[in-house]
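**Q** Line by line, the protein sequences give chains A and B.
Here the first sequence stands for residues 1 to 257, where the numbers follow this note's numbering.
Here the second sequence stands for residues 1001 to 1149, where the numbers follow this note's numbering.
Incorrect hints may have been included.
[Claimed, not checked] One side only, chain A facing chain B, incomplete, derived with CB under 10 Å: (1) 164; (2) 166; (3) 167; (4) 170; (5) 185; (6) 191; (7) 193; (8) 224; (9) 225.
Keep in mind that the hints were calculated from the coordinates and are not lab data.
Remember, it's a predicted structure, so these values are computed and weren't measured experimentally.
Yeah, the Cβ is synthetic: ideal placement off N, Cα and C, and Gly gets one too.
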Amino acid sequence: MKFVGCIAILAALAGTALATEIPQADRRSGYSFMGPDSRAMQDDDTSNPGMLWVLDGETLWKRKAGTAGKACGDCHSDARVSMKGVAARYPTFDKALGKPVDLEGRINLCRSNHQQAPPLAYESRELLALTAYVAQQSRGMPIEVGNDPDLAPFVAKGHELFTRRQGQLNLACANCHDDNWDRKLAGAPITQGQPTGYPLYRLEWQSLGSLQRRLRACITGIRAQAYEYGSPELVELEAYLMSRARGMKLETPAVRP
Amino acid sequence: MARPVLIALLATAAFAACGPAGAEGLLPYTVAGDAVPDSLTGTKGDATRGRALIVERSSTCILCHSGPFPEQAFQGDLAPNLSGSGSRWSEGQLRLRLVDASHFDPATIMPSYYRIDGLTRVGNAWRDKPILSAEQIEDIVAYLVTLRD
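Construct the complete structure from the given sequences, taking the supplied hints into account.
**A** As structure tokens, this is what we get:
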């Protein structure tokens, strides 16, 4: 009995030792941790490899798909107008489904419900291209996720996951991205893990990749079992990360080392 | 290939009989105060192998730590420099630190290298295995005690 009590106290201490959320004024994009070469690559659309996906996305936006024979543009017309600010509000709570949906999930819902087309796989060229094209319409706009009370319980679950230690290395996201973001892991900066640039071009990947791909990489990094693409847990983590980044500007398509 | 696997299986079965619940496959050890005084394997580790292990990425040490490893370009700064650990800590303290750093500070970020219980959602590839083997821990301890300054 005494032993059990002791463990409870230790667990409580470990809980309080975790730092609290990063104050608004101190929030920094991964961009600000990069060297001048990577920054220049992101800043100039003619050298940013992510723009190749954005251009593909623009083509796909206009292409008819599915048995309905409709293109995204047939319903939403000009993305530069209709999609402005949309990515800054995702993941969003879908009332019909009763759960949060991220941007990739929304694109696939449009495919199945309105185009009668099969869903696109996460990390497929098409889904990355369409997501990048839609998100690029919000470039420079502040993230607004976190005000919807319907989304709040899912943000809370994402937060719980963010601070839960897991995997063989027994680390939580917060151990690195809240408590140690000013430090270096094997010589490379640990950033605040802000989701501002996705989908983004990662030099290490030699490709564009989604936020879920990045989350799965960090989860595997701590030697935990990665959640499946599209799983509720990853969408909840995305929702928490976006609400944690409230007020920060979207950068899609960003570049990261 | 077949032989070492068989030996490993037999060893696991043997220790399962006497190890604490939930820690099948780990050699039993005794904590005395803030140390594990006796070698986990009963023999002394090899310091040269220990140094090689510490700088190997898969051991994870220099993701967080730096140390007297001038040839290593990429070292971490999440944790103290390992230089001088052998003068600050006894062999038994270093052993317990590696086996279970949370014994010194329950909130530490340093993983417990010889523990398989009390963990959540360990990935399939790593499940029910400690991060390092008893032999590897003894090699690393043998090296750390030589770091006098």
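**Q** Evaluate each hint against the coordinates.
**A** Taking the hints in turn, this is what the structure says about them:
no., hint, verdict
1, 164, "holds (7 Å)"
2, 166, "holds (5 Å)"
3, 167, "holds (6 Å)"
4, 170, "holds (5 Å)"
5, 185, "holds (5 Å)"
6, 191, "violated (14 Å)"
7, 193, "violated (15 Å)"
8, 224, "holds (5 Å)"
9, 225, "holds (5 Å)"
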